[in-house]
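Enquirer: Sequence:
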Amino acid sequence: KPDRHSDGFNLMPLLEGKVARSEHTFMFHYCGAYMNAARWHPPDSGSIFKVHFFTPNFSPLGAGGCYNTKVCFCHGEHVT
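For the sequence shown, the working numbering gives the first residue as 5, with consecutive numbering after it.
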């Protein structure tokens, strides 16, 4: 159990494959104070809608990930 309350969303059942879908309709991803992405999974629907406000600059050029930095950062020169 976490040692502090963060946002109230427990995603472990979904990540562990114990449930087929999250009980949460919306999910927001922030980088600091800035919304980076949002996801909407309407109730009783198989559709999932996603929007990304930043795109990571993959490295090396042409790669499918951020291999040079080991993680994809979400600010500054690391995003488009």
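Fair warning: there could be bad hints in the mix.
[Unchecked claim] Quick list of the computed label-pair ranges, beta carbon to beta carbon:
#	residue 1	residue 2	range
1	S51	E81	32 to 38 Å
2	I52	K22	16 to 22 Å
3	P47	C70	22 to 28 Å
4	M16	G50	33 to 39 Å
5	P64	A42	17 to 23 Å
6	E81	G12	32 to 38 Å
7	E81	G21	17 to 23 Å
8	A37	E81	28 to 34 Å
9	T73	P47	23 to 29 Å
10	G80	P46	15 to 21 Å
No wet-lab data here; the hints were simulated from the structure.
This one's a predicted model, so the numbers in the text were calculated from it and none came from an experiment.
Positions of the beta carbon are idealized from the N, C-alpha and C atoms, including for glycine.
Enquirer: If a hint holds in the structure, say so; if it does not, say that too.
Expert: Hints and how they fare:
1. S51 to E81: 32 to 38 Å: holds, 35 Å
2. I52 to K22: 16 to 22 Å: holds, 19 Å
3. P47 to C70: 22 to 28 Å: Since the Cβ atoms of P47 and C70 sit about 34 Å apart, the hinted range of 22 to 28 Å is violated.
4. M16 to G50: 33 to 39 Å: Given a distance of about 23 Å, which is not inside 33 to 39 Å, the answer is violated.
5. P64 to A42: 17 to 23 Å: violated, 29 Å
6. E81 to G12: 32 to 38 Å: Given a distance of about 34 Å, which is inside 32 to 38 Å, the answer is holds.
7. E81 to G21: 17 to 23 Å: violated, 37 Å
8. A37 to E81: 28 to 34 Å: 19 Å Cβ-Cβ, so the 28 to 34 Å window is violated.
9. T73 to P47: 23 to 29 Å: Since the Cβ atoms of T73 and P47 sit about 38 Å apart, the hinted range of 23 to 29 Å is violated.
10. G80 to P46: 15 to 21 Å: violated, 34 Å
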